[in-house]
Amino acid sequence: MRLLTLDRRIDEIKINQGLVLCELQRGKPVASLSDVEFKVFSQWGEDGILQFLIRELCIENRTFIEFGVEDFFESNSRFLLMKDLWKGYVIDGSQRNVERLRRSYFYWKYPLKSRAAFITRENVADLLDESGFDKRVGVMSVDVDGVDYYLLEALAEWRAEVIVVEYNSIFGARHAVSVPYSPGFSRSSAHHSNLYWGASLTAFDYLLSGRGYSLVGVNSVGSNAFFVRRELLNERVKAVPVADCFRESSFREARDERGELRMISAREGRDVIGHLPLVDVSSGAALRVAETFDSISVS
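Residue 261 in UniProt numbering sits at position 261 of the sequence shown, with consecutive numbering throughout.
The calculated lysine to any residue pairs, modelled on SDA-like cross-linking and capped at a C-alpha distance of 25 Å, are:
hint, residue 1, residue 2
1, Lys135, Tyr206
2, Lys109, Gln43
3, Lys83, Ile13
4, Lys109, Ser94
5, Lys83, Phe106
6, Lys87, Arg115
7, Lys39, Ser104
No lab work stands behind these hints: they were computed from the structure.
All chains, please: the whole structure from these sequences, using the hints.
Here is the structure:
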């Protein structure tokens with residue numbers, strides 16, 4: 001009970017600090033999304049970026065959907081739930097994670113629904129329909145470390161005003177590529193390094209630009225990209241070409257055959273998976289990770 005009370009008090013302090021940081025954002029000159037980053041519950045600076053976007057875009061649909069949340073304690077949308085009282089729907093493939101979320105001190109206090117399910121291209125639309133939300137939600141965040149591109153591709157009827165996607169910077173900035181689709185894809189099973197997953201930033205830009213979205217930037221560590229409905233763009237939130245905002249990931253998450261962290265950079269890690277197959281989503285052509293190496297660049 002004391003630990004639960006301590007967790008709650010720490011969260012209250014973090015939320016209050018987040019309120020101050022939100023106020024400091026107002027009117028601040030913004031050259032890129034990294035200028036507005038801050039972390040409350042997100043893994044990196046996504047909380048600050050989303051607060052900036054929902055304020056500057058005047059988003060009316062105060063709903064979010066996030067999948068790949070683990071237990072939701074660290075997530076892109078928890079601050080939206082607890083500060084802004086948005087309604088949310090989250091999905092994770094682990095029943096244990098979802099049960100932990102439902103036992104949390106905050107689950108009953110806020111308008112949040114949760115679902116345990118392994119998400120595939122075949123079931124993702126039905127799972128999102130269970131949210132009960134109108135298909136034009138405020139924010140959709142996709143991070144399943146797998147076949148993320150194909151999940152978004154299957155959601156053509158959904159029109160989130162802001163979409164957050166995790167991209168794999170090892171695949172570079174030139175080619176629109178993804179891992180081949182497999183309904184049972186698992187990052188840890190696909191390759192021991194944990195580096196073989198997802199899609200390139202250019203692949204997501206290819207898909208979403210055709211659906212009326214513009215890329216507005218990425219976070220400073222080179223993991224998440226932010227797309228906005230084109231009609232919502234304004235002087236404070238502008239479209240940015242992939243070539244101008246692409247960042248190579250700065251964190252080191254490669255594993256060896258024993259599952260131990262190798263502490264190597266993304267640039268070094270690309271050699272580990274260079275032989276593995278990719279699909280060019282714009283043409284259907286097959287290629288290897290090594291064929292994207294010339295497109296790696298660092299902002």
